[in-house]
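Asks: Below are the chains, spelled out letter by letter.
There are 2 protein chains.
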Amino acid sequence: MTSVPSETTLQHPLDSFFSPSSIAIIGASREATKIPGMLLTYLRRNGYGGEIFPVNPRYDEIDGLACFSSISAIKRPIDLAIVIIPAPFVLGALEECAAAGVKNAVIISSGFAEGGGDSADVQQDIAALARRTGMRISGPNAEGFYNEARRVAATFSPTVDVKPEAPRLVATRKRIGIVAQSGGIGFAIYHRAKAMGVATSYVVSTGNEADLAAGEILDYMVQDVSTDVILLFIEGIRDPGNFVAAAQKAAAVGKPIIVSKVGRTSAGERAAASHTASMAGWNAAYDAVFAKYGLIAAHDIDEAVAIAAAFASNPPPKGDRVAVVTVSGGAGAWVADTLASEGLAIPELSDKLQAEIRALIPSYGSPRNPVDITAQAVHSGGLQKIIEILSRSDEVDIIVPVLSLSSETRMPLKIPEIKPVIDAQSKPILIHSYTLPSQFARNGLGEAGIVVFHGLASLGRAARQLARRAQFTAVPSVAADAVSTAAVAGYLDRVSGSLSEYESKQLLRDSGSALPDEILVRNRTELSAALDRIDFPLVMKIQSRDIPHKSEVGGVRVNIATADEAAGAYDALLENARRHCPDANIQGVLVGPMAGRGVEIIVGTLRDATFGPMVMVGLGGIATELFKDVVYRPAPLGEKEAVAMLDELRSAPLLRGFRGAPRADVAALAQLIARISQLAAGLRDVVAEIEVNPVVVHPEGEGVTILDALVVGAAAKP
Amino acid sequence: MTSVPSETTLQHPLDSFFSPSSIAIIGASREATKIPGMLLTYLRRNGYGGEIFPVNPRYDEIDGLACFSSISAIKRPIDLAIVIIPAPFVLGALEECAAAGVKNAVIISSGFAEGGGDSADVQQDIAALARRTGMRISGPNAEGFYNEARRVAATFSPTVDVKPEAPRLVATRKRIGIVAQSGGIGFAIYHRAKAMGVATSYVVSTGNEADLAAGEILDYMVQDVSTDVILLFIEGIRDPGNFVAAAQKAAAVGKPIIVSKVGRTSAGERAAASHTASMAGWNAAYDAVFAKYGLIAAHDIDEAVAIAAAFASNPPPKGDRVAVVTVSGGAGAWVADTLASEGLAIPELSDKLQAEIRALIPSYGSPRNPVDITAQAVHSGGLQKIIEILSRSDEVDIIVPVLSLSSETRMPLKIPEIKPVIDAQSKPILIHSYTLPSQFARNGLGEAGIVVFHGLASLGRAARQLARRAQFTAVPSVAADAVSTAAVAGYLDRVSGSLSEYESKQLLRDSGSALPDEILVRNRTELSAALDRIDFPLVMKIQSRDIPHKSEVGGVRVNIATADEAAGAYDALLENARRHCPDANIQGVLVGPMAGRGVEIIVGTLRDATFGPMVMVGLGGIATELFKDVVYRPAPLGEKEAVAMLDELRSAPLLRGFRGAPRADVAALAQLIARISQLAAGLRDVVAEIEVNPVVVHPEGEGVTILDALVVGAAAKP
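One line per chain: the protein sequences are A and B, in this order. So for the first sequence, our numbering puts the first residue at 5; every next one is plus one. So for the second sequence, our numbering puts the first residue at 5; every next one is plus one.
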């Protein structure tokens, strides 16, 4: 029995794309140094086992292979056509492929949507052809893909070129699958991972995604048993439904996804837009989706590879306590600083453990943590023994040996001694070399299943992500109809712009949020009736859809203490509105109690073009405005996830009883955030934005008070 | 004429240390794989041109060199003794060296202060011997040094081992000097820099610094004409005077210093303390000193090397506008994001410039910025031409070509075409390879004077630091006696703990700071007199050195509007003090006007154990407490530097007219910060801390008001 599926168990619709039994190269060439020639060369040199059909009317044969004048001339079943002919001829070739029953195609040719204009239309036609015929099409403008297990090098990337004399370094048992919207980056990740000895299942570049998009490829990697860790490079997701479903599935089965998203700045976005015709989208929404499903964001290529390498070569840690074992005090201090600044703990070891270690190192070493074994303990073999002791200890969860592996002839670790430790590994062991590791050391340690981490910052990030991911639990999904939209729909069909505060609050109230008892009064009689119900002091505010900024027109009066004051305020509010906004349609004056004290919070929702409704939370004042201390999540969400959002705020301590203040009613706030997120999700077609600003969070047990609210209808924000 | 000094121009006292004409190796050995043997091997293999005298009573000769039984047996002038014998014998050997007239020694042997106990005393004795005899001593526990120009490999680091068959890659005209308190890291930096082709002048490890410390070595690098860029790794400075003087000199002559400081976290500090017996110190003070003198902090080894490489291979940029020129859209987007997130500008290019570029790239490329030239333009030679066009353009200040340099046989840049562009280089050109660059590419480009930046994050950091450093100007130094300490000394000789608010304010007033007209009243008569002088509303506060927290004992009354209220408040304040603090020595009640509105700021000073008085500034409230938004600088400083401090605050916009508020009187605040810093510096022997919290900064032209002040005498904080 083997865990790698045999031919007969292939079942996924894209199996024939990734593991084709036969490949046609449309536009094959004898010129080995140009892209069409490289495609054929790399395919054969990597030992592809299926049939290859070069197609080019100019040749009868290429390098010993029969060459066909057209697809239709082949007259054999073809699983995959690699298309590398000038853009204007691509559509015709694809029609021919479809007619000949070709199952899949990957278009390497460039010059489509990324240039704008007519060629963008051709890309539309390609997409339509795929839908019409059922032939699945990758690209155009793709760098192809590489299936390592089945040796399918359907790419012109020189990174898959293999030299027979150079044995491949494979230091990890687990394999990473790389999905990239940029072929350059996808294969660069592969190139860097290969150098570290990280095993790969697939490298897939998706190009312009006329048909097959990154979300669907991600889904393939998630279900693929030969892929243990997924590394994703994206510019903008075109199939968010597939993407989110795949991310959710990966979270459920515990398959880590490391993601790098570019187009984060205007220049990056400009670049992403120009070269794959993608829209980079609103990055806060991407980050929110990543956070929800536990995707691990990496902002640097070496960081992404290091994190992938750490996951591919280690079990999950039980906690965040790291032992640093170093031959250089300075390097150990730097590693300890780096790990600690990533939020990991470097605990001092117990006296007992220190005594065990002290016996293995010279007097001028240190058995504390970092454990400074000195060069001496390398010579005496103490290094392996100390790693073994720490492996067995329950005082640490991760071990980071810090070594110099630059020598081409010698190595501080003895393979026969360290291999059994690695084979029995129950916690992550991340080996860092502060000098650049030699190929000799990489190869030797690779045989023992050890990856060498040469980057200090990326080592720290990898350790952090190992520890964080081990804590991640997929949040239970919340039904989008958790809020009865029927109960609130009445408000919305009338809305062409913003609702007034009164209407907005009524909507929130009807959807289940608790609000203070406030009364809209339209004359002196209604005012008197309201004063019988609401205790002084009062706040009174003009209500009109046409006056969104009430304070600016003298539309708010606070601390009203008597009935006389209330009457005067009523007149003044109406008079101010008439004077400043003569054309405004006035609904009346909202009368309510002054709120008690608490922490002021902003809760809002908006609709992202890619991922739909998002909910955001932040603290009022400079925390949100100046320090950008806000957290987003895709809506809808439940109360537990709302609490997790609040915990992510840097200003969260203000809710937890900061400097002697009472703890705030976080449970009530979380309930409000959840309700609002569910409302935004349920009404996604009619509501563009909800803003509750501020909501006062009272001390624990005393709930929250929404002071102001604004609901913006979808029609107002197309 | 050459810029490298000839033998005869050597003048610095440490010249005979770094460029010895003769070297004795005390403890030399025939065992080439152990440290003593490696010292001799590397020294000879690197081609040291002076005389070598191995010292070891067990041998007559080692590898063809006469071996001496003792130092005294050599009977020839010796510039440098390398000592590698067990710790207990080191002191005796040094005495012998001094007696024989040896000028310098470097102690490789370990087992001194880093182990604590008796051996630490030996280190004291070594220091005393150096002082007594004038022999300069490096180490103990050092990894030695390497002088590349004169081929002095006085180290056992395998990184200096040279293979005759491997030609050395040198891609930079300028040279970096490496000074490290950890030999492991110092030579690891060298190893990584060498792999990138960065030329080196010196690598110096300083070990336990019994005599020669990092500050003095830094000073040597600053004055050394063969060192253009300095790379510093420190754990804790033992000679801060030398260090600051050298940093100041480097700032004045414009020689960049890149510094990595470890021991930033408790674990890192523990490590640093255990292995070189250093005290890591208070890192905010280090960062403040670095900021003042323009030292460039690097938190990662590759980042440090990349920054050094950028300085060693480029002229300073005129601004922060970067052109990214890429063959891969995805890689270009990632580089643009990285650079933009480092604060650099990636401006869109003018229509004219775009038109010039468009002529050189295919239609599906992009002439905007990032400029996506596509692989096609590499083949057509457009890459070089576009770099040349951008070199001439005044629209950008830095050029970042983004390429794939993984091939072992081909290169996208044509050396004959790019070399003239590099030779005439007037702005930085930083070449990034998103795949790992091959040795072939590194060597080829190295010949043209091009360094390849393989790290994405470190490339971004290097570009940022190039641009930042070009803006750096050394601040004029402020005399420590800018404040007349004579005028204020009277307050301090009486102080054993804290001064009261009244006394603290009087001290500030006498030293030149403007304060509101406040009066200390000791009875009803004095109160009446005070009310004649100060306008209502008033604030009244109990004054006692024994009551530092006045609010907590009911010792503050605000908004006092009438003489009756004032009289009542007077009685109440005294009564509260009597009740809560019966033993307090009451000075009276301070009567002053209520302050107008403004932004609340905290200004403070403290004394750092390494660098002396520091001044700090932050905004009141959560900005300082929660977001740690404070800035430190060594005291004293002038008003210009105080303004620069304020600009570094993330909450600085609050002073600049945030959301329609009036701009605050930054000039008055800067004057106050400068005065307080000068006071702290002038009184460094008697004042431990000054805290002015809060000071209200009024709108522009209206000054500042110190609401509360506290001066803590040195005796109170030993």
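Hint data in this document are derived by calculation from the structure and do not stem from the laboratory. In this text, all values refer to a predicted model and were calculated from it rather than measured experimentally. Possibly wrong hints are sitting among the right ones.
One copy or two, it doesn't matter: identical chains are merged, so the pair holds either way.
To be verified - Lysine-lysine pairs mimicking BS3-like chemistry, simulated, CA-CA at most 30 Å apart:
#	residue 1	residue 2
1	Lys-644	Lys-632
2	Lys-423	Lys-259
3	Lys-167	Lys-418
4	Lys-79	Lys-644
5	Lys-38	Lys-418
6	Lys-253	Lys-554
7	Lys-38	Lys-389
8	Lys-644	Lys-356
9	Lys-644	Lys-178
10	Lys-423	Lys-38
11	Lys-79	Lys-178
12	Lys-389	Lys-423
13	Lys-418	Lys-178
14	Lys-322	Lys-79
Asks: Which numbered hints does this structure break?
Replies: 4, 6, 8, 9, 11 and 14
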